Structure formats: C-alpha cells, structure tokens
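> These protein sequences, in sequence, are chains V and E. Quick note on this note's numbering: the first sequence kicks off at 1 and runs consecutively. Quick note on this note's numbering: the second sequence kicks off at 1 and runs consecutively.
Worth flagging that the hints you see were computed from the coordinates, not collected in a lab. Everything numeric in this text was worked out from a predicted model, so none of it was measured. Heads up, some of the hints might be wrong.
Chain V is faced by these chain E residues, among others (derived, beta-carbon under 7 Å) [said to hold, decoys possible]: (1) Tyr136; (2) Thr137; (3) Val140; (4) Arg179; (5) Ser186; (6) Phe189; (7) Glu284; (8) Trp287.
Chain V regions said to be covered by chain E (calculated; three or more residues, Cβ under 8 Å) [unchecked claim]: (9) 2-13; (10) 37-50; (11) 91-98.
The beta carbon of each residue, even a glycine, is placed where N, CA and C say it ideally should be.
Listed below, chain by chain, are the residues.
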Amino acid sequence: MFASTDVGPSRLLVVTAMNENGDEYTVPLKGRLKKLKYRARGLPGRSQLEVLARATWEKLERKPVDETGSPLASLRIEVWKTRYQASSLQPQQTQIALEQFDFRQ
Amino acid sequence: MELALKQRFTRIRQEIAAYDPWELAARLTLLALLLSPVGNWFIRPFILGLSVAGLLIPGMWRSPSLWAALALLTGIRFYISWPLADNHAYLLSYWCLAFAVSAWLGNREVLFSNARYLVALTFGFAALQKWMSPDYTNGVFFLVTFFLDERFEDFVVLFSSVTFEQIDIAREYLEGDYRSTPAPDSLPFVIPGSMWWLAILSTAWNLLEQTLVAIVFLAPKNSRLGRLRDPMLLLFCFTIYAVVPVVSFGWLLLAMGIAQSDEKSATIRYWYMGAFFALIFFYEVPWAELLNTAISG
Chain V
1 MFASTDVGPS RLLVVTAMNE NGDEYTVPLK GRLKKLKYRA RGLPGRSQLE VLARATWEKL
61 ERKPVDETGS PLASLRIEVW KTRYQASSLQ PQQTQIALEQ FDFRQ
Chain E
1 MELALKQRFT RIRQEIAAYD PWELAARLTL LALLLSPVGN WFIRPFILGL SVAGLLIPGM
61 WRSPSLWAAL ALLTGIRFYI SWPLADNHAY LLSYWCLAFA VSAWLGNREV LFSNARYLVA
121 LTFGFAALQK WMSPDYTNGV FFLVTFFLDE RFEDFVVLFS SVTFEQIDIA REYLEGDYRS
181 TPAPDSLPFV IPGSMWWLAI LSTAWNLLEQ TLVAIVFLAP KNSRLGRLRD PMLLLFCFTI
241 YAVVPVVSFG WLLLAMGIAQ SDEKSATIRY WYMGAFFALI FFYEVPWAEL LNTAISG
C-alpha cells in the first residue's frame, strides 16, 4: 500500500554511452531494456545495473545508435531519486547510484 | 413474477448462509484468480487451469495439492518479477500456502487464524510505513500522486477545482529532468485549496482506517474492538476500491475477511459477498469519468 513518493516512476535512470573518439550520447531504452531499466531503477545496486549495462552494450554492438562508427568505450548509468518540497512541491533530485561499465575484451 | 424473484433471492441467501467459510473463501480466491489473472505467459495458463479445476471438479477446492501448486506458481510469479512485484503478489502466495497447510492438516482453524493475522499484519505494516514516512504525513504523497498517477485523474478533476490541463502542466513540472539545473521554485499555477483538502482528507482517511483495521484484527475476536473487524474491513474495501483500481487486492482481503468471520452470522457473509460484487463494478465502470462527462455537458 502506498506510503512514499520515492517509487520507481519518480526515479530517473539515464544510460550514457561513450565512444572511443570521446563522443557521448544518451541511450534510448526500449523493449527488453525498458524492463531491465525498471528493475534497476527499483533496486539500483551494482548487480542490477550491470545486467542492464551488459544488455545495453550487446544491443549497441548489434545496432549502433551513433552514426560515426566509433567503437563503444564504456557505459555510464546514473540513477536519481526525486523529493518534493512540502509547500511548493518543488522537485529536488539526488543521485543514488553511479556506475561505469567497460565490457571490451 | 415478483414472488418467483423473491423465492430465488431467498434461496440464494440460504445457499450463501449454508456455505462453509473455508469453502466460500476458497471459491472466492479461485474466482479472483480467474477474474484477475496473474503472472506471465508461462505461469498464467497453469494458474488459470488450476483455478478452473478447483471450481469445477467437485471437492477439488479442498485439495492440499491444488493449493500447494497455486502457492508455488504465485511464488514463482513474484520471484520472476522481483523486486518489482506488488505487495499483494506476496500476500496471494502466503494465502494459497495457508490453504495448503490447512487442507493438509485437515484443520480449518489454521486457515481462519492465518486470515486474521495476514490482514492484521498487512494493515499494520502499511500503517506503520505511513506513520514513519514524512512524505506521507505532510500530505505531499497524495498531492504528487494525484498529479502524476493517471488512474486518479478523473477522481481529482471531479472532487477538486483542478483541470485536466493543469494536471498535464503539473506532470511536466514534477517529472522534469533537474540533474544539472534546479527546478523552478513552484508549479506554474497555484494549487487550489480544494486540491489540498482532497490530499489532506485522503491522507488522514487512509492512515486512520488502516491503523484501525490493524488494531481490530489484532484484538481478540469477542472483545469490543474485535467485534469491529468485519465492519472495518468492509468499510475499507467499499471506500478504497471505489477509487483505487487494484481490485485483485480487494478480493483477496474479502476472501480473508470471510474466512475469519463468524460462521454463524449470515448477514456478515452477505456483506462480504456484496462487497465482492461491488468491486467488480468499481473496477469495470469508470464512474468518475462518466460523472465528469455528464457534468461538463
């Protein structure tokens, strides 16, 4: 039963890909990645984030989003939670997880 | 015609009154599993199949194997979706396990006492979590939820002076990405007093009601407080599930309510059955949307 505003939908999870040429871009999470995102957002420990990162890495290798063709260097995943001020409802975001993954052989 | 209807109605009442509470709770649980199927594609067909078997094959509803299988499948369901499973997914699995153990031991009281304690602990922990959450007690939780959760949109527009357009604006503001730049000081519109009142009343009502349900279910059955168990649980189901569309949770609570209720009181059982049917209508009829449409002309 409901009790807190700190629930999945009020958390922000962002996956940023970094290429070897230094380019950075936010990875859109769709399909299966979306499900993994929800899971990682709810419990943003290293293991859940790694599952999401690995699946994202594999997808980007199969279907690159970036058009420069530069190989993927690493993935950064950050998770933020939102709190709302009592009288104004002003949202304030606090980072609760930040992990970097590099799956290059 | 009138006489025939009266006789039919009397017969239904007698049949409900004659039901064993264990059987009625079992049948309602199986019915709830059919009306609101749970699990993914490789669990759901088995749960549905077992529920159909439990309802159609004579005496199957009392089989320990049936309930053990349902407990296992509903347990696999929340294991698969961990950590995202709703809390009533866990409750459903415990409840099926209580049926299995009770049937295995051939002891009806095992189910009845489990029903009582599952309700008491569910409400007790829910109330405790609310009392301990600063977001909840200051009313922010309901204000934010009313703006962000689409399921409450029509309810909010019907009972406050907030418009659909304002809800969209609020949603954009509350869900923004403020990692690098802070959010503007406040919403682009002033939250009307009616919206504050709606949030405050919802907060107080939920907190009070859930605390009371926990207390009356923990109190001995024949004490003054204990005698309020059924009215309090029924009041909760009639008020909350008219607004919150989580009907499967409501049905589960009603099945537990029937199991622990006084088996000599037919009236209580009619109320529980009535609530079970009412929840179908609450869930299927978008009454707030219909009223909004009627009011706006």
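> For each hint, tell me whether it holds in the structure or not.
Now for the hints, and whether the structure bears them out:
no., hint, verdict
1, Tyr136, "holds (5 Å)"
2, Thr137, "violated (10 Å)"
3, Val140, "holds (5 Å)"
4, Arg179, "holds (6 Å)"
5, Ser186, "holds (4 Å)"
6, Phe189, "violated (11 Å)"
7, Glu284, "violated (22 Å)"
8, Trp287, "violated (21 Å)"
9, 2-13, "holds (count 9)"
10, 37-50, "holds (count 4)"
11, 91-98, "holds (count 4)"
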